[in-house]
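S.K.: Starting from the given sequences, assemble the full structure and let the hints guide the process.
Using mature numbering (1 follows the signal peptide of the UniProt record, and there is no 0), the letters of the sequence shown map in sequence onto residues -19 to -1, 1 to 103.
In case anyone wonders, no lab produced these hints; they're calculated from the structure.
Be aware that one or more of the hints could be misleading.
Here are the simulated SDA-like pairs of lysine to any residue, each with C-alpha atoms no more than 25 Å apart in a straight line [what the hints assert, rightly or not]:
no.: 1; residue 1: Lys28; residue 2: Val74
no.: 2; residue 1: Lys68; residue 2: Thr29
no.: 3; residue 1: Lys95; residue 2: Thr25
no.: 4; residue 1: Lys95; residue 2: Arg49
no.: 5; residue 1: Lys95; residue 2: Thr76
no.: 6; residue 1: Lys17; residue 2: Gln42
no.: 7; residue 1: Lys28; residue 2: Ser13
no.: 8; residue 1: Lys28; residue 2: Val87
no.: 9; residue 1: Lys17; residue 2: Gln3
no.: 10; residue 1: Lys55; residue 2: Asp85
no.: 11; residue 1: Lys55; residue 2: Pro41
no.: 12; residue 1: Lys90; residue 2: Glu70
no.: 13; residue 1: Lys28; residue 2: Thr76
no.: 14; residue 1: Lys55; residue 2: Ser24
no.: 15; residue 1: Lys55; residue 2: Thr82
no.: 16; residue 1: Lys55; residue 2: Asp66
no.: 17; residue 1: Lys55; residue 2: Gly34
no.: 18; residue 1: Lys17; residue 2: Thr76
no.: 19; residue 1: Lys28; residue 2: Thr52
no.: 20; residue 1: Lys17; residue 2: Thr39
no.: 21; residue 1: Lys95; residue 2: Asn56
no.: 22; residue 1: Lys90; residue 2: Glu9
no.: 23; residue 1: Lys90; residue 2: Ser13
no.: 24; residue 1: Lys17; residue 2: Gly43
no.: 25; residue 1: Lys55; residue 2: Val71
no.: 26; residue 1: Lys55; residue 2: Gln77
no.: 27; residue 1: Lys68; residue 2: Asp22
no.: 28; residue 1: Lys55; residue 2: Glu70
no.: 29; residue 1: Lys90; residue 2: Thr20
no.: 30; residue 1: Lys28; residue 2: Val65
no.: 31; residue 1: Lys28; residue 2: Pro7
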Amino acid sequence: MRTQSILALAFATLAAAAAAPQADTPIEFVVSLFEKSLTCDASTGAKTVFGNGCQNRTLPQGGSALVRISTASKNGYITGYSEVDCKGEVLVVFTQIDGCTSFDDVSVKSWIGKAPFDENGK
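M.R.: Structure, rendered in structure tokens:
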């Protein structure tokens, strides 16, 4: 009987620990992507890329991007890359929120909320 009580207590403890809520990780950046507009025209429809770390979301040539939120770095940098997984050529480094940037001759394949260089300039 004592073994059953100990097992019941152990299972109850494990169940409570498994059900404990985890804190959400804050979003580091949000960028609206306008695939069919060079001017961030919302009437053409927008997709959103957001999250923490590198996000693979393609903005094809002929589109534009509008930064909504950037909290990952102290200067608000968001970088767009030519390849998935934030590799390849750096195509854009945003430094301001709500500035529309057009991509008439390149396609951006991934995004991250930081700069490709040291923010201290070293």
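S.K.: Each hint needs a verdict: does it hold in this structure or not?
M.R.: Tested hints:
1. Lys28 x Val74: Holds - the C-alpha atoms of Val74 and Lys28 are around 19 Å apart, at most 25 Å.
2. Lys68 x Thr29: This hinted pair holds, its Cα atoms lying about 20 Å apart.
3. Lys95 x Thr25: The hint is violated at about 28 Å.
4. Lys95 x Arg49: 15 Å, holds
5. Lys95 x Thr76: 10 Å, holds
6. Lys17 x Gln42: 9 Å, holds
7. Lys28 x Ser13: 6 Å, holds
8. Lys28 x Val87: Roughly 18 Å separates the two Cα atoms, so the pair holds.
9. Lys17 x Gln3: 39 Å, violated
10. Lys55 x Asp85: With a Cα-Cα distance of about 29 Å, the restraint between Lys55 and Asp85 is violated, given a limit of 25 Å.
11. Lys55 x Pro41: 29 Å, violated
12. Lys90 x Glu70: Cα-Cα ~10 Å, so holds.
13. Lys28 x Thr76: It holds: about 21 Å lies between the C-alpha atoms, which stays within 25 Å.
14. Lys55 x Ser24: Cα-Cα ~32 Å, so violated.
15. Lys55 x Thr82: 21 Å, holds
16. Lys55 x Asp66: Within the cut-off at roughly 23 Å; holds.
17. Lys55 x Gly34: 15 Å, holds
18. Lys17 x Thr76: Roughly 23 Å separates the two Cα atoms, so the pair holds.
19. Lys28 x Thr52: Holds, because 20 Å separates the two Cα atoms, which is no more than 25 Å.
20. Lys17 x Thr39: 13 Å, holds
21. Lys95 x Asn56: OK: Lys95 and Asn56 at ~9 Å, within 25 Å.
22. Lys90 x Glu9: 18 Å, holds
23. Lys90 x Ser13: 14 Å, holds
24. Lys17 x Gly43: Satisfied, since the Cα-Cα distance of roughly 6 Å is no more than 25 Å.
25. Lys55 x Val71: 20 Å, holds
26. Lys55 x Gln77: The hint holds at about 12 Å.
27. Lys68 x Asp22: Not satisfied, since the Cα-Cα distance of roughly 28 Å exceeds 25 Å.
28. Lys55 x Glu70: OK: Lys55 and Glu70 at ~23 Å, within 25 Å.
29. Lys90 x Thr20: Holds - the C-alpha atoms of Thr20 and Lys90 are around 19 Å apart, at most 25 Å.
30. Lys28 x Val65: 17 Å, holds
31. Lys28 x Pro7: 20 Å, holds
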